[in-house]
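J.: Using the sequences provided together with the hints, build the complete structure.
If you read the sequences in order, they're chains W and U.
For the first sequence, the numbering used here assigns the number 1 to the initial residue and increments by one for each residue that follows.
For the second sequence, the numbering used here assigns the number 457 to the initial residue and increments by one for each residue that follows.
Calculated directly from the structure, the hints in this document are not laboratory data.
Hints should not be assumed to be uniformly reliable.
Calculated pairs, DSS-like style, for lysine-lysine (alpha carbon to alpha carbon, straight line, at most 27 Å) [what the hints assert, rightly or not]:
id: 1; chain 1: U; residue 1: K962; chain 2: U; residue 2: K1152
id: 2; chain 1: W; residue 1: K148; chain 2: W; residue 2: K66
id: 3; chain 1: U; residue 1: K671; chain 2: U; residue 2: K695
id: 4; chain 1: W; residue 1: K227; chain 2: W; residue 2: K239
id: 5; chain 1: W; residue 1: K359; chain 2: W; residue 2: K72
id: 6; chain 1: U; residue 1: K1246; chain 2: U; residue 2: K1378
id: 7; chain 1: W; residue 1: K199; chain 2: U; residue 2: K1312
id: 8; chain 1: W; residue 1: K66; chain 2: W; residue 2: K346
id: 9; chain 1: U; residue 1: K671; chain 2: W; residue 2: K264
id: 10; chain 1: W; residue 1: K227; chain 2: U; residue 2: K671
id: 11; chain 1: U; residue 1: K1356; chain 2: U; residue 2: K572
id: 12; chain 1: U; residue 1: K1129; chain 2: U; residue 2: K1152
id: 13; chain 1: U; residue 1: K1419; chain 2: U; residue 2: K1378
id: 14; chain 1: U; residue 1: K1145; chain 2: U; residue 2: K1312
id: 15; chain 1: U; residue 1: K838; chain 2: W; residue 2: K346
id: 16; chain 1: U; residue 1: K1312; chain 2: U; residue 2: K1246
id: 17; chain 1: U; residue 1: K1246; chain 2: U; residue 2: K1361
id: 18; chain 1: W; residue 1: K102; chain 2: W; residue 2: K66
id: 19; chain 1: W; residue 1: K102; chain 2: W; residue 2: K72
id: 20; chain 1: U; residue 1: K1129; chain 2: W; residue 2: K239
id: 21; chain 1: W; residue 1: K199; chain 2: U; residue 2: K702
id: 22; chain 1: U; residue 1: K1356; chain 2: U; residue 2: K1271
id: 23; chain 1: W; residue 1: K227; chain 2: U; residue 2: K678
id: 24; chain 1: U; residue 1: K1178; chain 2: W; residue 2: K346
id: 25; chain 1: W; residue 1: K372; chain 2: W; residue 2: K90
id: 26; chain 1: U; residue 1: K671; chain 2: W; residue 2: K359
id: 27; chain 1: U; residue 1: K1271; chain 2: W; residue 2: K346
id: 28; chain 1: U; residue 1: K1271; chain 2: U; residue 2: K1179
id: 29; chain 1: U; residue 1: K695; chain 2: U; residue 2: K838
id: 30; chain 1: U; residue 1: K1312; chain 2: U; residue 2: K1361
id: 31; chain 1: U; residue 1: K671; chain 2: U; residue 2: K1152
id: 32; chain 1: U; residue 1: K838; chain 2: U; residue 2: K789
id: 33; chain 1: W; residue 1: K227; chain 2: W; residue 2: K264
id: 34; chain 1: U; residue 1: K1361; chain 2: U; residue 2: K572
id: 35; chain 1: W; residue 1: K346; chain 2: U; residue 2: K1179
id: 36; chain 1: W; residue 1: K148; chain 2: U; residue 2: K671
id: 37; chain 1: W; residue 1: K239; chain 2: U; residue 2: K1178
id: 38; chain 1: U; residue 1: K1378; chain 2: U; residue 2: K1361
id: 39; chain 1: U; residue 1: K678; chain 2: W; residue 2: K199
id: 40; chain 1: U; residue 1: K917; chain 2: W; residue 2: K264
Quick caveat, the model's predicted, so the values are computed rather than measured.
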Amino acid sequence: MSGKWQLDRRTFLRGVGAAMALPMLDAMVPTLARAAGAASTSGAAGAGALPKRMAFIYVPNGVTMKAWTPAKAGKEFNLPRILEPLAPYKDDLSVLSGLAQKNASSLGDGAGDHARASASFLTGAHPRKTSGSDIRSGVSVDQLAARKIGDQTVLPSLELSCDAGARSGSCDSGYSCAYQFNLAWRSEAMPVMPEVDPKQVFERLFGDVSGGRDSQQARSRRAMFQKSILDFVNEDARKLNAGLGKSDRRKMDEYLTAVREIEKRVELAEKSAPRLPGGVRPPDLYESFEEHVRLMFDMLVLAFQTDSTRVSTFIMGHEGSNRPYPFLGVNDGHHDVSHHMRRADKIEKVTRINAFHTKQFAYFLEKLKGVKEGDGTLLDQCMIVYGSGISDGDRHNHDDLPILLAGRGGGTITPGRHIQAAPRTPLNNLFLSMLDRVGAPTDRFGDSTGRFEAIA
Amino acid sequence: MRDKCLIILAAALAAGVALAAAPSGKSADGARGASTRPAAKVAQSPATPRAVAAPNSPFASGDVVAAKVDFQSHVRPLLQRYCFECHGDGSSAGELDLDTFNSTADVLSGQATWQKVIRYARTQTMPPPDADRQPTQAEREELVAALQRQLFDPARPDPGRITLRRLNRTEYRNTIRDLLGVSFDPTIDFPQDDTGYGFDNIADVLTLPPMLMEKYLAAAEKALDEAVPTGRTERQERKVAATDAKPSFDTSAAPAGDAAGSGWVALSSAREDSLSVTVESAAPAEFVVRVLAYGRYRQAPPPGRIDRPPLRMSIMRGDVVARDAIVTSDETKPAWYESRVGVPRGRHQLRVAMRRERGVAADRVASGGRVGPEQPGLIFVKEIHVSGPVAGAVRRIEGEQIQLTGTAGRTGAGVALHRTDERAIATFDVAADGHYLLRAQACAEHAGDEPAKMELLLDGKPLETFEVSAPAALRARPPGSTDLSSLARRAVPQVYEVRADLKAGKRELAARFVNNHRDPEHPDENYRDRNVYVNHFEVVELSAPPSSPPMTDPMRRLFARHVKNGFAAAGAAEAKALLADFARRAWRRPPLAVELERLTRLFELARSHGEEFAGSAKHAMKAILASPNFLFRGEPGGGDDADAPPRPVSEFELASRLSYFLWSTTPDDELLKLAERGALREDLDAQVKRMLASPKANALVENFAGQWLQFRNLDASHPDRKKFPTYSDRLRDAMKRETQLFFESILREDRSVLDVLTADYTFLNERLARHYGIGGVEGEEFRRVSLADKPRRGVLTHGSVLTLTSNPTRTSPVKRGKWVLESLLGAAPPPPPPEIPSLEKDGQATTGTVRQQLEKHRADVTCASCHAAMDPVGFALENFDAIGRWRDTDGAAPVDASAKLPDGKTFTGPIELARVLAETRKNDVLRSVTESALTFALGRGVEPHDYPAVDQIIAELRKSDGKFSTLVTGVVKSVPFQMRRGGGQRQGHDAEPTETAEVSHER
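T.: Spelled out as structure tokens, the structure:
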């Protein structure tokens, strides 16, 4: 009912992601980082080096592993049906087999594998089973990185999703919906809500640019006004905080953190010149799921390309999603068919959905590869994890997860291989290795047992 | 002052508790008779919460003041007898081992576990039906009572604690609307709120990430700019070459015959090409758009014919057609075509487009949808000139500011006129005699052979009648074509306007639907009913010079209260009074003196940077709306100490709790005034009555009922279009409307909440009635329909519930059963075990109806314990397909709607199901609705220490036969709603009002 008649908000343009035609710009190298006088990010590389980017792309309900895992390990590996769409980028990615996220398992908490799969995927933590009060997971790997390197970009991190949160009812088996609709966790009690509308993402990145750009003077004045308000509310929050109980104080901490972050952005935005590449327009409406996914990927490429952020997560479908894919001939919900009970027709349907997802991922890689940066491409500077927190949707197992790692991490990763890890190697080992590479090293993460340097 | 406050506090406390424990007539505790004595009297006594509070516990057969029940002697024997077989003596099914608990202390340390035990025992979920030993009902009650006694001390009620609550989307939207009088939705781009315990207003789950904070800041700015417009609109003259305008199409593929570089850009209607120019206006304003153009037909007219359909060029703002200009000039004589366009504040696209012909007959023939045939030629455009503002204030009347007659209904921002003579009415103040332009933006749904007609009337006198040919196109899709789908699915409203001389004073502009038409048998459902949709009205002051538009009503009153001698003369003193007034409304309590000082400094900062009075005040107002005092509600200074004596929440907090519970919005002036005088608690009954009678109480329908019964989730259901071709967005909306209207009838007529189960009436329009196979209901509007002789009862048989509990391609008795258990009986089944065993052997396909498959399922012991309770309920509803239609067969097999409950009761079909549930599970339904209402009201889950309050409300409900007002009053007067945990120091919000808080407030 809502919004159906709010017509003037809409544009009348064709809503096709591809129509937005991202220009293939030459190295939009970290203008902002330089403008802000920020130091180099990577521990490994010297000053002036290109920044490394890190993204995590999530697909729900596991995959048909038989149609995913290459037969042989090493450089000479085949691409089974689900990975076929990625053939053009075979040399830019590795298939990582045998990784596990143990904390997604029940561990005595009964059902709820979907909620746990997404809540633990990047946090490595075992989420607390609760449908309301006291949600708890852990700080996610992307947010650990953002804490360390996020101050060098306008947005510390960018959270994207194609699924808005649930509107009512509880979610998976007594778990709060927060577990299934968020991937990034800023603190163990605070998931970071993703943005679902590509247009909004665009405006977060570049502001409302429809009417041209402001002068430096106008920017300064606006920044001054904004800051006076932030100062005011900051003081309100601190005054309130003084008289609060523990859980209230947690809420006020969220508030204070948010205000601080905006303050930082106001300052950065005041200093930096407009960063939007010429010729790029805000995204239009989308008509299909595929367009939606692609527009989100477009935004992510744009964010990386303009060095507006270096850390991102993208939920292509929320864990447990029951979205039908009628355009693939799958009229049943994804979750329903993922419980295929070994029936061939259902397995076929899940596999089609899985391959559709990798096809979208291929689109993303294509775009990243199309952006030149330094002597190579943007993709070379990236570390993109693609995968699911569930292996087989029917079994709900959390070992042997379907995981891809794309990009060269600025020359620190050798892609183009099928890497077969020892069974039940913690996925968190991979995350430790990635954190090292973006300059946010940490000793342990979840159930990590060491680094996963097989990717090097 | 302080002493007085303390007395009031004590009185309020006593009153709160006494009310919470309202006498139940046959109270088990004889001493409770005293609870009706006047609050004032109680206040005199040195009553402490401990002494007063002894809620009447209907579950307890013994003396409520009795000492703690001993675990070993009262609880353990029952557990041993009925539970240990699986959950003790070495077994720990479901990872639950009850014999590790040996004392009250053990129980207290495992609250969550015992909460579940109580729930399962009470709802007969456990022991499983196939267990050898089944407790009697009396034993169940005894166990529950004894366990509850373990968990809390009835002599010391624990109101629990509510974390500081951020306003959720709905609350924020409503609050901003009430404060500022803006009608647009400022939350449109906010992220979805996470839900907990089935509701989206749960304090602990409502987080505030930086992204949302950004949106709050942006929303406050936008809303204030609209409410207090201060931007001056500079006169703009822009001349844009067509080649510089933004095209909607690929300009590189120029049509043959056009000389490149000539500056002419061709528009084709094939894909509805358009050129757009952005304008920005600091205030709603009137612009003029002029376009230099000519037309060229695709081919010469057939021999002997010289007449040709005209080429039309649309001048639009966004999706709205301001004017369809007929382009008669050819390339030898290009001509200027112009249109006036009303532009709201902000940045907007003015467009020149060549659209397809849409409307009545031609469209139907051409596309069977609403795309329309192509125009027979091209239009070439060279220049677009935009100038404005060209007139005085532009006033827009939209949303709830529009009044309706008859069965007309609201659709988002606009209204729908369904029947002949129905009107949409806008009243507005004309400041001075003069020349005005009156506009209505409208579109229509077509049926029959003539266009829909709309008459504009001024003060009841007809002005002009228009043919509304603009299609509403709610869901038309061109078959087989994807190209234009995005266009076809959007309504393209058009502006219809008249000029009139108006006298100063209150005027009434109305749009009347002239010619309703119905064609119920039309094969295309898009052509069955003619309706007119009016999106908004605009009143343009032609005779006045361009100026700032008026403030919204609440803001005009706010400024008028504090600025007596014009804005030019107003300074810090006026600003201070104004900000105190606004902060009091926004923060739901008067600001402290220091807060007001800081606000005034913000005003002065803006002033010193050249902003005028209103703009400077607005700067401080923005801070008020971004402050945690606005975004969060709850009483700061809360202790977390369960042992300290509880105390009543402040009157201001009580006003907020009431208002957000019943209205999902901020307290109105009456509530705040009562709170200021400390008189709200005394007046509670009258206030609740007043609030329930207010239209604002409809918030309960969408926000409480919508989440309790989950029908808000209907949008997330996607029945398979191939299998259910009749399912459409409009049918879905009708289903939702049915359930909303039904719950509204319970609210408005103060009916029994048990009606959700048993009601033999509902609300239908023709679309839904046909869907249900019920005759005699005609037209789009909903009306009450008796179901006395129909196989439908209560919400269980609403299309909404039946659809949202189905899979895309088939029914799911399990989901339906689960919904009944979860929503109506408050007995959500335990989650399924991990690694659910497959129903069938490898590779062997399942056969038979869903029911047959499930019967097999239940033969498995692991599944049976829960499915025995869920499935039968679903089976009884098998006569309804996955979108709620009646059916007698499922595939080839006849539907078998017989069912057997775990207790052996058998029944067949929906009517018997409703009856059996109403007879045997009445208490569970009352408990479920009570706990849901309490959860919604408190913004937290129901905890064991709330059980006495819940039991109290249920007892009251039983007496009133479930009246809705009893539920609301029960919640409002309950300990957890009225009180808070003690401990911690408090900030003196009611003890220390600022002097300026006494300024005269809104009358």
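J.: Could you check the structure against the hints above and give me the numbers of any it violates, in ascending order?
T.: Hints 2, 3, 7, 14, 15, 16, 26, 37, 40 contradicted; others consistent.
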